[in-house]
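Protein chains: 4
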Amino acid sequence: MANELLKGKKGIIFGALNEMSIAWNVAEKAYAQGAEFVLSNTEVSIRMGTINELAAKTGSQVIAADATSVDDLKNLFTKAMELYGGKIDFVLHSIGMSPNVRKGIPYTDINYPNFIKTLDISALSLHKILQTAYHMDAIKEWGSVVALSYVAAQRTLTGYNDMGDAKALLESIARSFGYVYGRDRKVRINTISQSPTPTTAGSGVKGIDSLLDFSERMSPLGNANAEEAADYCVLLFSDLTRKVTMQNLYHDGGFSSMGMSQRAIEQYNKSFEDCPGD
Amino acid sequence: MANELLKGKKGIIFGALNEMSIAWNVAEKAYAQGAEFVLSNTEVSIRMGTINELAAKTGSQVIAADATSVDDLKNLFTKAMELYGGKIDFVLHSIGMSPNVRKGIPYTDINYPNFIKTLDISALSLHKILQTAYHMDAIKEWGSVVALSYVAAQRTLTGYNDMGDAKALLESIARSFGYVYGRDRKVRINTISQSPTPTTAGSGVKGIDSLLDFSERMSPLGNANAEEAADYCVLLFSDLTRKVTMQNLYHDGGFSSMGMSQRAIEQYNKSFEDCPGD
Amino acid sequence: MANELLKGKKGIIFGALNEMSIAWNVAEKAYAQGAEFVLSNTEVSIRMGTINELAAKTGSQVIAADATSVDDLKNLFTKAMELYGGKIDFVLHSIGMSPNVRKGIPYTDINYPNFIKTLDISALSLHKILQTAYHMDAIKEWGSVVALSYVAAQRTLTGYNDMGDAKALLESIARSFGYVYGRDRKVRINTISQSPTPTTAGSGVKGIDSLLDFSERMSPLGNANAEEAADYCVLLFSDLTRKVTMQNLYHDGGFSSMGMSQRAIEQYNKSFEDCPGD
Amino acid sequence: MANELLKGKKGIIFGALNEMSIAWNVAEKAYAQGAEFVLSNTEVSIRMGTINELAAKTGSQVIAADATSVDDLKNLFTKAMELYGGKIDFVLHSIGMSPNVRKGIPYTDINYPNFIKTLDISALSLHKILQTAYHMDAIKEWGSVVALSYVAAQRTLTGYNDMGDAKALLESIARSFGYVYGRDRKVRINTISQSPTPTTAGSGVKGIDSLLDFSERMSPLGNANAEEAADYCVLLFSDLTRKVTMQNLYHDGGFSSMGMSQRAIEQYNKSFEDCPGD
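Protein chains in written order, with this note's numbering: chain A, 8 to 285; chain B, 8 to 285; chain C, 8 to 285; chain D, 8 to 285.
Each hint should be verified, as a subset may be incorrect.
Put simply, identical chains are the same to the list, so a pair is met inside one copy or across any two.
[As the list claims (entries may be wrong)] Restricting the straight-line Cα-Cα distance to at most 30 Å, the calculated cross-link-like pairs of lysine-lysine (DSS-like) are: (1) K147 to K81; (2) K110 to K86; (3) K277 to K147; (4) K277 to K124; (5) K193 to K64; (6) K277 to K81; (7) K110 to K277; (8) K124 to K14.
It is worth saying that the hints were derived from the structure and are not from the lab. All values derive from a computational prediction rather than experimental measurement.
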């Protein structure tokens, strides 16, 4: 495709670990559409993952930052603005982690410092990014911020634990800050509620395979993958969505609007079938 | 229970066919709580069902009315107001029918006169009841109207066909008329979105058994039954819910807020198990 | 912009009356992005408006069709498929009209044949378009259908009358048909819930000026205009939104997620100010 | 009224400060309906308010607890279970506070330890109450927990600051814990989204008067007051709502379903009127 939807646009992309990451896919797609960007992740994730390959591929700089640290964020925005000689156009927030999920602690045994850590990493980090950018006036008028979310913000999924609460908080912060940043600087903020996606982060959730299968059969178009999610992010960064803000946008093959599909109920019905000889 | 939540209240209950009907259960519960009411249904339903037993049990009068006929409704409200020497306090709308569902016509082969019939019977009938009552000033200040709905208004269920659209329209009419009737006469209008319920009407929907099972396992408290739905209706007719209006209230054991439950996914997983010897 | 987001795509655009129309703007934007399309409207609208100018500008053919007539729709799809030598890629539904609104009949005095006409023109027409296309297999895999809606589908607005109900039904039909068309042919169907827009159709709603002002002040980014709506439609027709379906997408400067803005409440507060000398 | 909807039921009511408090009203209504309960609040609130009067009126014991302290909560549940010789039936959570709001710190200047305090007090406290009760098995089967919320969880209101985010998190926790507590012990958990209410807590929000006026004019039935909220809480504690769980229930005179009312737009229009002589 010869499109250059993001021609001349500069951004910061948080959360690319490896090529399974949605953020990785966003970087590739944004690059293909003419954008330049800084890649950011924590020191640990940079070491564990392969982000430097992505940086090489897309001619990007990697700047480490813990998105829960306002100092790190200030440093990141300062460097990005130096690099681009001014304000940036877009930010991707693809950050989430629950120590409770990681350690297999059930929702009824939650450790509260862990819970706060989940919220801080997965949701407050968005506020910190936005507040830092707001004070540095780091995002251009009609700039765009996207954070990745999941339907667990609205509907409880067994095993998803305190990440459901974190996503609800994330979406609320997007709305709350979306109001003030929109009103004051014309910056828009949205969340994309993505199908369950087999990334390194997603694979920590127990029973993810059955959920992926169920979700695939429930969704008339099937689950959306990381590459497709990246396309949608690119559109939200482009100038063609300037008046979309404070929204949670489902990108899920239709899952969120389904009560029951033919394919899912047929599979479900097989669970009641007797084996021959029973 | 010695409660008399509806003591002295008069109402009209539409839609009791037989003892499986939610409307039948509402009538019994409302009677137990001190209400008097007129029972109404179409001529055909009166003949096919056992509404006269219910009338005898609850000391009620049966007045036939086709809820799509404004003339029938005028006659019904006139007679009810004569009977009670004045305005009434509550109305239950438990009316729904789709000729397309009945005849097994799929959603992609819909016959449009049928579609309009579905909408007229299942949704416009609520507007006709309300407009008739509004013009006759037949409902007291702080009166209450409840219509029964289903989650298909928000989420598509295979086989539910044009009834999903009818429920969406029904809920919208409840909101739209709820605004004007509330503003002008302090009458409140709500819908209850009830679990799938094994009534005579519900049993027409294809694959209702699997759906009931899935819904039962998804809902942390299990499906709500007709008797429990009737309790909820009674509360909405009582003076304890005077400021609740224009709402769609889920009465479904938690189903509507679930993405995936442990019990449902465990059952679903069984569908992939091999039989011994496979 | 050198983008060609719709390069090679063929479509049908319903509802362009004159240059104020959203559909008109969609046609211009789609044309600029490389699409070819047939323009369709009723005979009366074609005569009253200036659609032929648009056709000339965009090299399009105008084919009259009453979207409530299945025969007209069959003829339209047949001709479009002949013209393009095969299936089409996208459809825009920008059709809505309420005889009750036009004649100033309040919601409590509704004439039921009018109400059904409102629903038939504004909502069932989408089902008719889709059912016709489905039977003729007229839309390609991964094709896209968009219908224009309004927040009145969720929240009652004084004066909007039975159009709120029609929009609720429209959005439900988009979901219901979105499920089957997605499952069977990978066609996606969405609605865009657009800011109040000063079009010829919109100007029929009483008190539209105050509403536009209030909505403008409530929305952090201001109301979205017809041109911006057209951009969003183009994106939904493009290959970059393939997994978005059965959604209602707010395109409204943030209005739908606002409870109260600073600008709106400041204006509201002025209403209580005394005049000097009072 | 001779009703005894809560006859024999035991509960814990958090958050009564003085007679303006919703929790105070709930206590009075619950008492009138036959319930016994422990009143709880922080030491400071007990000293600042008049909770002992309420205790005297309702024959209740006051047990101080900081709902962010798991130790305090364990002590409270232990004492309550001793007092009643067993499990309790209901809990009211009417707890919320934002240091950012109190200190007039705008949402774009948020102090993060404050933000976490807002979330801990206003939302995590519900999780702590539930987790404590769950581990002590302190709530009977079919017991009921209600937390008070506000529409700011869904729609941003200027000045409401991080309390909107806290309410979104609170509602999510109610859903998440509602699933596990319902599944394991048949306990239901809901939130009531109440009209803006002139309580001591509510009065901290800047511009609350205009908001109350606007909300009153937008709501067809007017704002719901604290006494009416208390009625609704009582119903949710009663046996008549056993299958309602994981819901956010608007108790707001219809506000949440309104886009624009006649009364509000008429008032708004006055803001544009010229003074005589202008």
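Status of the hints after comparison with the structure:
1. K147 to K81: Only inside one copy: K147 and K81 sit 17 Å apart there, 49 Å across copies, limit 30 Å.
2. K110 to K86: Neither: 35 Å inside a chain and 33 Å across chains, both beyond 30 Å.
3. K277 to K147: Neither, since 55 Å and 32 Å both go past 30 Å.
4. K277 to K124: neither (41 Å within a copy, 36 Å between copies)
5. K193 to K64: For K193 and K64, the Cα distance exceeds 30 Å both inside one copy (32 Å) and across copies (33 Å).
6. K277 to K81: neither (55 Å within a copy, 40 Å between copies)
7. K110 to K277: between (34 Å within a copy, 27 Å between copies)
8. K124 to K14: neither (37 Å within a copy, 43 Å between copies)
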